[in-house]
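Visitor: Take a look at the letters that make up each chain.
There are 2 protein chains.
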Amino acid sequence: MDLPEQLKSVQFFFSKLPGVGEKTAMRQTLQITNWNEKERVQFAEALVALNSLNNCENCGFFSSNSVCNYCQDEHRIETRTLCVVESITDFMAIDRSEQYKGLYHILGGVLNPLMGIGPEELKIPQLLKRIEIDKISNIILAINPSVEGDATCSYLRQKISENINVERIGFGIPMGGSLEYLDSLTIMKALENRKSFT
Amino acid sequence: MDLPEQLKSVQFFFSKLPGVGEKTAMRQTLQITNWNEKERVQFAEALVALNSLNNCENCGFFSSNSVCNYCQDEHRIETRTLCVVESITDFMAIDRSEQYKGLYHILGGVLNPLMGIGPEELKIPQLLKRIEIDKISNIILAINPSVEGDATCSYLRQKISENINVERIGFGIPMGGSLEYLDSLTIMKALENRKSFT
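Going line by line, the protein sequences match chains A and B. The letter at position 194 of the first sequence is residue 194 when you use my numbering, and the numbering goes up by one with no holes. The letter at position 53 of the second sequence is residue 53 when you use my numbering, and the numbering goes up by one with no holes.
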């Protein structure tokens, strides 16, 4: 079927989104053709407005000021604890759990020499500076488990002074998970990470 | 969590799309923050370009000219057959099946007096004129089964000259469907529509 170019180009952008295939993208595009002109212009303006998003100089999270509310929070600074994450979405996931009350630092990825991603491409120099400035004494590495993630954690452990307590988040069976359906690597990690149970 | 307004407004538009909830909308919005500025601007321009989409004067399908390729196709005109559908997406679904080689007419909905949708709100007057101009002799009502759809079909049958052969598409068990999981109405229709089997 011979569809207008206008539809195809909107479909192209929708299909770049996670979990959106070509069919869904066209369905969404057709849906938007039912909106009124004003709504489409507003949607377009909202997309362009994302260009004005700023990031916190310290941790890398979204912020309208140069330093975000998290980094300015006295209670968080006083914990002297810094949680290192890969991405903004990982930051948000930890924050949603409402279990962590310290500072954050977003690396912007993990080390990947094959892809040309070294410490300078990530926010690692800034992390090392920040540890000194904020007098951090505890670091939680909330880096996802993968070959690159593990290597990044080892690299950071070497670079960070031995006086500082560095921990990595626990790996094991997720809540609601079932041994029957979990991969062997997760089960191996869960066995390694067993704790005395009283 | 206190997220910037820019994110919330993009999330709002994504969540208006079919099958996109608030969580998915935010995930897609965050994904777009990883695009470069130029891509976001191009996406925005593509959305605004939808405002320039034109519809065929005859059938209502997308067209860059005043009359679309379907309506200009001599082979289709010669069939003297017109398929009446509710929407552009229904048009596309029938065309995808590659079983129908006649003309189309998009009503733009079905009659719904409670919602104030009468024949004038739909492309019914245009349909009646077109039947004369194009010397249509067969009409296929490819209207979805519903109270309003059924009423629309009855109304059209009354309005269309008795010399013209009017048929409605068949209802029954869909391919791959299983009697066990189908609703009673579909099974009732399937029993009504049984055919001699030799």
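Honestly, the hints are just simulated from the structure, not real lab data. One should not assume that every hint holds.
The list treats identical chains as interchangeable, and a pair is accepted whether it falls inside one copy or across any two copies.
Claimed, not checked - Computed list of lysine-lysine pairs in DSS-like fashion (alpha-carbon distance at most 27 Å, straight line):
{"no.": "1", "residue 1": "K38", "residue 2": "K8"}
{"no.": "2", "residue 1": "K38", "residue 2": "K123"}
{"no.": "3", "residue 1": "K101", "residue 2": "K16"}
{"no.": "4", "residue 1": "K159", "residue 2": "K123"}
{"no.": "5", "residue 1": "K195", "residue 2": "K23"}
{"no.": "6", "residue 1": "K8", "residue 2": "K159"}
{"no.": "7", "residue 1": "K189", "residue 2": "K159"}
{"no.": "8", "residue 1": "K8", "residue 2": "K135"}
{"no.": "9", "residue 1": "K159", "residue 2": "K23"}
{"no.": "10", "residue 1": "K101", "residue 2": "K23"}
{"no.": "11", "residue 1": "K129", "residue 2": "K8"}
{"no.": "12", "residue 1": "K101", "residue 2": "K195"}
{"no.": "13", "residue 1": "K189", "residue 2": "K16"}
{"no.": "14", "residue 1": "K101", "residue 2": "K8"}
{"no.": "15", "residue 1": "K135", "residue 2": "K16"}
Given the structure is predicted, the values throughout are model-derived calculations rather than measurements.
Visitor: Out of the numbered hints, which ones does the structure contradict?
Guide: Of the numbered hints, 3, 5, 6, 8, 9, 11, 13 and 15 do not hold.
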